[in-house]
Amino acid sequence: MPDPKIGHDRETRRLWPALALPGTFWLIALFLVPIYAVMAVAFSDRINLFGEPIPAWNPVDWQFGTFSTVLQESVSGIYQEVWIRTAIYSFWALVICIVVGYPVAYYTARLAGRRRGLVLALILAPWWINYITRMLAWVNLLQDDGYVNKFLGLFGFAPHSWLNGSSFTVVMALAYGYLPFFIIPLFASLDRIDGRLLEASRDLGVNSVRTFWAVTLPLSRLGLITAIVITALPMAGDYYTNTIVSGSPKTNMVGNQIELFLLNGPQKNLGASIVLLLSIVLVFFMAYYLVLTQRASRDTR
Amino acid sequence: MWLTVGLGAAPLLSACGDKGSASIEGGKAPYPLARPSHPVTLSIKDSNPPIDDGLEPESGGDFKILNYSDYMAPGVMKAFGKKHNVNVQVTPYNNYDEMLAKIRAPGESFDLVFPGPSVLSKMVYAELLQPLNHSYIPNLANLWQEYQDPWYDRQARYTVPYTIYGTGVLYRTDRVSEVPANGYDLMWDKQYAGKVYILDDLGEAIGMSLLRNGITTDINTGNAEYVSKATDSLIELIDLVDVKVNINAYSEIPEGTATVHQGWSGDAIAGQYYLPKGVTPEVYAYWRPDEPTERVIGSDVIAIPKSAQKPVLAHLMINDLLDEKIGLQNFGWNGYQPPITKFDADFLVKEGYIPKNIMNAVIVPEDFDSGLTFYEVSPATEALWRNNWSRFKAGA
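Just so you know, the sequences run in chain order A and B. Every letter in the first sequence is one number past the one before it in my numbering, and letter 136, counting from 1, is 136. Every letter in the second sequence is one number past the one before it in my numbering, and letter 102, counting from 1, is 102.
Some clues are possibly wrong.
Mimicking BS3-like on lysine-lysine, the simulated pairs with C-alpha atoms at most 25 Å apart in a straight line are [as the list claims (entries may be wrong)]: (1) A:Lys250 with B:Lys190; (2) A:Lys250 with B:Lys229; (3) B:Lys325 with B:Lys306; (4) B:Lys277 with A:Lys150; (5) B:Lys277 with B:Lys350.
Cβ-to-Cβ under 8 Å is the rule here; a few derived chain A residues that face chain B [to be verified]: (6) Tyr79; (7) Gln257; (8) Asn264.
Since the hints were made in silico from the structure, they are not lab data. Beta carbons are placed, not taken as given, at the ideal position from N, Cα and C, and that holds for glycine.
The task is simple: from the sequences and hints, build the whole structure.
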């Protein structure tokens, strides 16, 4: 008589890899193949009749001339400013996300009580409306004779031109657009903190401010980092936000440069090279994130 | 990052496996580059003949047009669809790069497309277009003589003209008190900061800077120093006036979003249809150089893609657009003038299509004798202009 336990084990042994199949397929079809296509275009040195690169599918044919030019121009040439701008905008938008998002997530997880469902629904409400539509709504609010200027006028402020290629507007728009992405993972992490730890802290005579710094913040660190990563990655590749609220070359980010080459002209090898560079930069941050999470999970153990 | 890669990969993949995939070497064009002094007769291959005479027009299903948005009157399309029992569909593009990408997309077909002389030779060489059968287009006779046999397409083998236009500057008369002799200077004027726009078209933008700065009147120049100088001057605009780029002068000026906007003559004429309630056309005006030899002029054409599923209907629509009545209806909607002989300035003003103060936006045949036109240039020159344009777009 076969041992039912062994049969079960054999089944699960097949089941686990099977569960990974959709994910593996997803990864190959939607990440590895596209990134290979990007490389084939970036490393091509032949152009067709329309000035477009002819993809070099065979790695033997890869030429790195275009890529190294783009790299050079990124480090100390015409794209340098675009990269710096992208970093600065993403950084400040993240700071705003943290300053605004952390208290909201904290309130929702710890203090909202029975209203928690409602608060969560309100945080997610913007997602019911298309991102572009929301940004266009801001254009209406921020234009010279828009409600924002009218409101400021009540306090005697002269109308300000918000949409004239202003870095401030772009940063605010980015922060606004990505804030829900920031709050949700942070909320999940704050929500998981065992309330008894906080009680213990208070029982030991620590006031609530110190409890926050000594208990809550360290325990939510992983959630905070996840939230930062989840918001920072798409922000760095964003191009439509500043197209809508600024439209000036002054505020162009890396995503706009990629858009210019890939969607508005044949020089797709330049665009593909920037895509690769951006990916490399982000992979670097991603790796740092993985190290941090590993370390954090070791610490909690 | 995944987002970026995902967005990037789609157009990349669509670039693969197209018709014109032969590589070109050394920056030289394998096709003829037409100039008024060197007119080109585009070749017709046995493998790509025009349709036969006297065919019955197709009916039912979709009739697919590839065109700029807002470039053909909805009323004209609707009437055509009703008459021939087809559903007229427009796939829009913002510039020729986008048009070329869409027309070359594998498996895609269009019945009508609206290119221009600056991309024509290349498109014919890549067999993207089919030759026309003139027996379906008797209205060709309604056009200016020179456009029945134009320099870029002798014998009108592949194209008929659609519109003619000039490039200049639209400005708000209520905010601009004085127009300098060199009207392009309006865009380099700090007092209009934040409300200055240039065309999102690398040829028009850099070409305008070449002229404004007196660098050269050859707006097709392959001289790297000239193009670079002109681009530097455009880059100045970024800090000087917070310059912005789009092709919506026809609405931005009447609505007041822009004070100064580089724009086409058709935008100046169409602007009257975009005025807010109670505002009269006098609120804006159009500037072009006085000297005919310094004026930038251009034309767009109509052609039938090789992939057309309804080529007979496509011929009929071309004939319709050259019809005096339908042509006028179309012009009355998009503001872009067809080179129909009957439509001279007096006629258009009398019919009430042109407000008095923008009479100078009407194009006359003489404009084409001496004006400056964007030609089809060599791949090397094209790359030079593109590289400079991306320098401007980087805001460096």
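Here's how the hints hold up against the structure:
1. A:Lys250 with B:Lys190: 16 Å, holds
2. A:Lys250 with B:Lys229: 19 Å, holds
3. B:Lys325 with B:Lys306: 29 Å, violated
4. B:Lys277 with A:Lys150: 22 Å, holds
5. B:Lys277 with B:Lys350: Holds - the C-alpha atoms of B:Lys350 and B:Lys277 are around 24 Å apart, at most 25 Å.
6. Tyr79: Since chain B brings a Cβ to about 6 Å from A:Tyr79, closer than 8 Å, the hint holds.
7. Gln257: Hint holds; A:Gln257 Cβ to chain B Cβ min 6 Å, cut 8 Å.
8. Asn264: 6 Å, holds
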